[in-house]
Amino acid sequence: MEKTKKKFQINNISLLITVVLFVLMFAFGSVKYDNFFSISTFLNLFNDNAYLMIAGIGVTFVLITGGIDISISSTVAFTGVFSAYLLQKGVPSFAVILIVLVIGIIVGVAQGALIHYFNMQPFIVTLAGQFLMRGLCVVVSEASIPITDPFFKSMALNKVAIKLGSAKAASGKLYYYVFILLAVLLISLYVLKYTKFGRNVYALGGNETSAKLMGLNVARTKICAYAISSFCAALGGVVFSFYTLAGYGLQNMGMELDALSSAVIGGTLLTGGVGTVVGTVIGAMIQGIIQTIVTYQNLNTWWTKVTIAALLCFFIVVQRIIAIRAEKMKGKGESDSYK
Amino acid sequence: MKEKFNKLSQKKAFWPVVIFLVILLFNGVVSGGDFFKLSIVDGHLYGRVIDIFRNGSKLMILAAGMTMVLATGGTDISVGSVMAISGAIACSIVNGNILPGLNGNVVVAIILAILAGITCGFWNGILVAKIKIQPIVATMILLVAGRGIAQLVTQGKIITITSDAYYFINGGYILGLPFPLFIVIFLAGVLILFVGRTSFGLFLESVGCNPKASKFAGIQVDKMLLVIYTISGGFAAVAGLIESAGIKGADCNNAGLNIELDAILAVAIGGTNLMGGRFSIPASLAGALIVQSITTTVLAQGVPAAYIRVLKAVLIIVICLSQSKEFKEMLTSHKAAKKRKAVGE
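Listed in order, the protein sequences are those of chains V and F. Residue numbering for the first sequence follows this note's numbering, starting at 92 and increasing by one per position. Residue numbering for the second sequence follows this note's numbering, starting at 62 and increasing by one per position.
No lab work stands behind these hints: they were computed from the structure. Do not rely on the hints blindly, as some may be mistaken.
[Said to hold, decoys possible] The list that follows gives simulated cross-link-like pairs (lysine to aspartate or glutamate, EDC-like), each with its CA atoms no further than 20 Å apart:
1. F:K273 / F:D283
2. F:K386 / V:E299
3. F:K276 / V:E418
4. F:K193 / V:E233
5. F:K273 / V:E418
6. F:K273 / V:E233
[As the list claims (entries may be wrong)] Listed next, the stretches of chain V that the computed footprint assigns to chain F, with coverage defined by at least 3 CB atoms under 8 Å from CB atoms of chain F:
7. 135-142
8. 164-176
9. 241-253
Even for Gly, the Cβ is constructed at its ideal location relative to N, Cα and C.
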């Protein structure tokens with residue numbers, strides 16, 4: 092009981108730092124630049140990063156189980172290219188979306204099964220998965236394919252206007268596809284918090300051996316986690332093709348790192364057992380705001396990468412220090428009880 | 062004779078070398094002998110086989126460093142980014158973009174670039190050994206930041222250079238053989254001697270098998286990890302120099318892109334267990350040559366380059382499966398069941 096309490100503390104501290112950081116960055120931007128402080132700047136974080144957030148939510152499941160999934164960027168790209176290719180061939184849009192989502196699930200199940208049944212390292216398997224999907228992208232099409240399907244277009248271009256006042260800063264817009272993100276967020280929140288599967292995921296990440304000895308179905312939980320990750324990546328890919336209205340095989344190189352850093356910045360422990368999907372979304376928002384500030388400042392876009400890496404490093408080190416302190420405290424407690 | 066063969070075939074590098082020779086032979090037969098044609102122009106050897114060695118030199122250097130990292134049960138996915146950094150620094154200095162006081166001194170440029178790589182490796186080592194972050198995550202930080210740093214060094218441009226001394230790193234010849242090959246022989250030779258002649262190699266295998274037990278046995282695990290990641294960073298820097306000398310410039314976006322998987326694949330083909338433990342540097346070198354020759358072969362057959370990625374992904378899964386204890390057990394139990402069935406009949 093005490094242990095779970097402590098873990099939640101770690102989680103809360105990380106999340107708290109993240110939220111404070113976000114508010115500080117937003118405040119910094121608002122003070123420094125004209126026209127920065129507005130609802131639309133805030134909402135654009137969702138408009139521009141919805142696909143990243145969806146993929147990040149998926150990967151959070153895997154991270155909580157203590158694994159890692161670096162194949163998601165390729166899955167996003169493959170989904171984009173393959174759906175564009177199918178649409179070009181005249182397949183109806185709902186069938187296309189169904190097909191790519193099913194492909195996502197299959198990829199995830201295959202990776203999960205290899206990792207679980209053959210005890211292979213998650214990063215090697217998903218690295219191979221990354222190469223496989225990226226290779227298949229180019230096999231499908233080397234060139235960028237535009238999407239002209241009316242349904243995709245309507246998803247891409249229609250938006251909901253949000254007005255909180257008469258001032259210019261108080262109005263913004265949300266594209267339709269952002270609601271997919273909200274749905275994914277709510278469902279995953281519910282699944283992780285209130286279902287047996289969700290608790291199994293946390294238990295697995297806390298300690299796989301004890302989870303097994305407790306009689307949890309480790310195989311099913313693990314494979315499901317990887318399936319969810321790849322499914323979310325595929326869904327993210329669909330959203331990405333709404334966003335760009337094109338499919339291109341070399342899109343989103345290195346996005347898996349953005350998704351992983353979102354999760355880490357949002358308080359997910361890479362050793363497993365601790366993490367929230369809300370944190371991941373906030374982590375992605377921080378990255379979005381760094382991007383926005385870099386754009387406003389008219390800097391080299393590579394500054395975004397460097398800043399995010401520095402932030403990632405900072406959070407990982409903070410996590411480690413907290414974890415080491417928690418371990419020491421636990422050690423003290425144990426020695427006391429032996430007296 | 063047979064005894065000799067048995068002894069030879071027990072060497073870890075034996076099968077990778079045989080596979081490499083078979084791939085070469087296949088190429089030779091398909092191309093009708095053109096593949097093996099060596100020509101001597103100006104006292105330099107030219108030919109497809111020589112090209113494989115020359116182009117594979119970067120991968121061989123990376124694989125040598127990566128072998129040690131993987132043998133500890135870790136991984137270093139930042140090598141590609143470190144290559145970009147070292148190339149960017151060396152070219153910027155030779156070009157006079159940074160430190161113009163040096164007048165583009167090639168030797169200083171090379172030394173500084175390698176020092177930068179060593180610093181990167183040291184940074185990885187600190188994160189892994191001292192702060193105890195999982196290797197993949199620790200090296201991922203540099204993977205993300207590295208290309209950014211390289212871009213900042215070159216100010217986002219592709220830098221081109223004109224310096225015959227610098228070109229020599231990739232295109233030079235000594236005794237008719239390409240210069241990169243000598244770099245490989247030197248670096249790998251030193252490493253093999255170091256690992257084979259000192260207790261370092263033994264300790265390394267021990268750390269890879271069981272870090273906790275090794276620590277209790279008195280091995281300074283943290284220090285070893287630090288050294289190994291530093292070596293990997295330094296080697297990556299050298300590979301970056303060869304790459305940038307090859308394209309006669311620094312292209313931060315593409316230098317060493319995705320080469321980390323090739324390096325891991327090369328080590329895996331060499332038979333080093335990716336979970337840590339048993340390792341062999343010569344076998345990894347042969348593995349690197351296999352990866353390079355596969356790339357050359359596929360390109361020579363006119364297959365689109367994209368398929369190489371798919372092929373490599375499948376290869377790495379197959380090799381990992383063959384190393385997996387669970388998979389072996391599944392196969393043997395299947396065989397045993399078959400046997401039992403046969404006996405029953």
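Enumerate the violated hints, using their earlier numbering and listing them in ascending order.
4, 6, 7, 8, 9
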